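Keeping the supplied structure of chain A fixed, place chain B upon it in accordance with the hints.
Quick mapping for you: the protein sequence lines, in order, are chains A and B. Note that the first sequence covers residues 13 to 317 in this note's numbering. Note that the second sequence covers residues 24 to 334 in this note's numbering.
Straight-line C-alpha distance at most 20 Å; calculated SDA-like pairs for lysine to any residue:
#1 B:Lys237 with B:Ile125
#2 B:Lys297 with A:Ser241
#3 B:Lys77 with A:Gln154
Calculated from the structure, these hints are not laboratory results. What you are looking at is a predicted structure, and each value in this text was computed from that prediction instead of being measured.
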Amino acid sequence: MRAKKKRRGVRLTAAEKAYQTVIYTLVGLLLLISLFPLVYVVCLSFTSQQELYARGPLMVVPYQPTLRAYRQILGYSNAYSTAFGVSALRTGVGTLLTTAMSMFLGYGLSRKDIPGKRVLLFLVMVTVLYGGGLIPTFMVVQQTGLLDTFWSMVIPGLVNSWNVLVFKQFFSNLPEEIEEAAYIDGCGETRMLFGIVMPMSLPVLAALSLFAAVGHWNAWFDAMIYIQSQKQWIPLQLLLHNLFVDANLGFSTGGIEVFDIEAVTSSSTSVRMAVTVISTVPILCVYPFLQKYFVKGVYVGAVKG
Amino acid sequence: MTTSRTLSSRHSLKGRLRRYLPIYLLMLLPFLYLIIYRYYPIVLQFVLAFKRYKIKGGIWGSDWVGGANFVKMFTSNNISRLFVNTIRISVLRLVVGFFPPIILSIMLFDMTSERFRRISQSILYIPHFFSWVVIYGIVLVLFQTEGYINNIRIAMGMERVEYLLLRDYFLPILIGSGLWKGLGWSTIIYLAALTSINPELYEVAKIDGAGPLKRIWHVTLPGIKSVVVFVLVMNLGSILSAAGTEQILLFYGPSNYAVSDVIGTWVYRQGLGKLEYGLSSALAMFESTVGLMMVLISNALARRFAGVGIW
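So here's chain B without its partners, still in its complex pose:
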């Protein structure tokens, strides 16, 4: 701290400006990018949300409609279905995906063979690095009409099931394949916390004659408590954004729109495809604003209860 104070006091504002001139030049392009491709879209979003977009007039020539887009957003059944689906899928993902990584990381950590643990980790992390398209390809060859699962069913004398078309199977397949892709990867944060637990605590537990379950309950879990709280709170912050538009776009279809259509997919299909720019921007504004508030709240909560925030 003292060195930096002497550093800054050594130069006047003018001197520092001159010193950092090359750095300002390096930062110019990235900042130009932020203004054009990050800030300008926000301006367009604010404008379009209150307009009825017409291709003829463009953004600025289209008519202002006041809050009409927002009224439509909250009254139309088609749109409120999107909110329900978005939140349902996000919550399902977060609930289904919450305990498995914790359990898996404890199992990996407790393995007696370091070698087997390393190999397991290497294999379990891989699916995280595959694209959703590849994941979809895997789901196809397993679950489609002629897929492996149906072939097994036929061999066992059962009927084929249209897993990818029937509405009832959409959520299990979407969330199941998401878990398959991400489970190994989500153990990383817990494993990092587990390795920082003081080994002496385990020695003491052993001398006290604690069995594996007692050891997990009294040493392991308390050791990762703050990370668990952190993940939980951060999950709460992403409740509107964890639906996973990219994956749903691949997995869904008209036969299951009733449960699969979320804000992101609607904006792509109707907004971009059918030029519903105004309503889409109103949706984006709502989504971003709620998302912002959720992240701020969850970060404050994380700081308070887990002692760590993201900034």
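Isolated chain A (complex conformation):
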């Protein structure tokens, strides 16, 4: 592709020049639209009230950036650091468990001669295609005693059936000769999985766990319905949600009030933006790794032929 680009770039016709101008302008515009809100949010989190009053509400970049909002966040009880810890914990534990469980299932289903394969595969396929819905699932979570516990954010999504199928597909496409050779050497199925198949599957493992991690970090709806009275289990995204919704409506949203009401009423825009920034920093930290894998990951997931 690079060769093609170079050759095309040697002598541009007038039409080609016009076309290039148009696409660079349009993509440039789109980049501006993508970046401005992000820059604005970051800037707001470093802006002091005084500067905002002095320079008027159209200002974007603060001339005297201040860390006050961030210091305030640390100052307010420990609602924010607790929530950050809960998010980190659910991301770590949730990602590890869900990836392991999906991989085990995917591996079993990828074995060509495992007895009962068709039935087991059918059982997984059904869960991809049909769901019980919010309320029946809520009742099961309630009946199994997960309500108001940390595990209500991990167990209800323990196995991602779609990822099971991706794993199965990937494992089935591994070269059979290696497995055959290991098999002849007397390698058992456990060692085959952990010693041979897993090391060959690191890219797909990395991709699926990164996506699972992002999903866990960004999740708030499950916590909103399952964490009702044990406020110490509120993850950061839900805390952020409560900050926005409560501050916007001016009242508590029936039962799902924020952990620390003090934190809401006295929170300025800069504090809320600072929490927003903090909640996205981990995503931005793994983004380069995500980028490395996601083209492959999505393609494996979307078109499996």
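Chain B only, in chain A's frame:
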């Protein structure tokens, strides 16, 4: 294939069972999960859909009401509004979001500077990885009464507009912010198809003196046709599920329920909040069944017209 046949014929059923015993053990927990947290809710859904749920009796002690929940679902104006809103939002999303990724991916692909293309891609993909809460926060600081857009309006001598409360602005803001979040990400599938087009075709087009538009029309578009058809058909399959409950729950409010309340948000607010378990389960059953049929149909169509299915 031959190796696997020798593999399986080498062992009797009993031998294979013994060989795979550790794997069965590894699969036990995930399967237990599927039974308890995926299959049992389906059973509850089937039962609750035909009951009037009372907290006192629980699921099994509540009265059977036959098809009453379904009758209510199709006759009540409040509920039929949900169907209309769900389908309206889904269709709007799919229509508004269909062409921009195709156009953007062709523009990115045709850029002469590889470096600029890479940087653009990196920036355009980022919003996809932000949570809806963060997206809502961004929309707030831009569109609320004291938001940036209104500040610009004031500076230009115009009145403030309550973008987040007025019903007319709900759909544009919901769908616009959804597009803002997902546009870059949805180019990936097209870019993958574009890079697999044979470069010689472009050489031939160039020798033939084809301009950029002719090149797009005769080489690029035919090259991604099957992917476009695939995406289109898959979109059709998600017409009842693409409304996006999580986003709507953040963006909507009582002042715009007439256009914003969808099946998912109603089930959360009335079903879970006001204990309308029976009607909610009937809705879920309808939604899941129609969704299942749509996915099966669209997959069959995709196999037929695009040559690829999801399974």
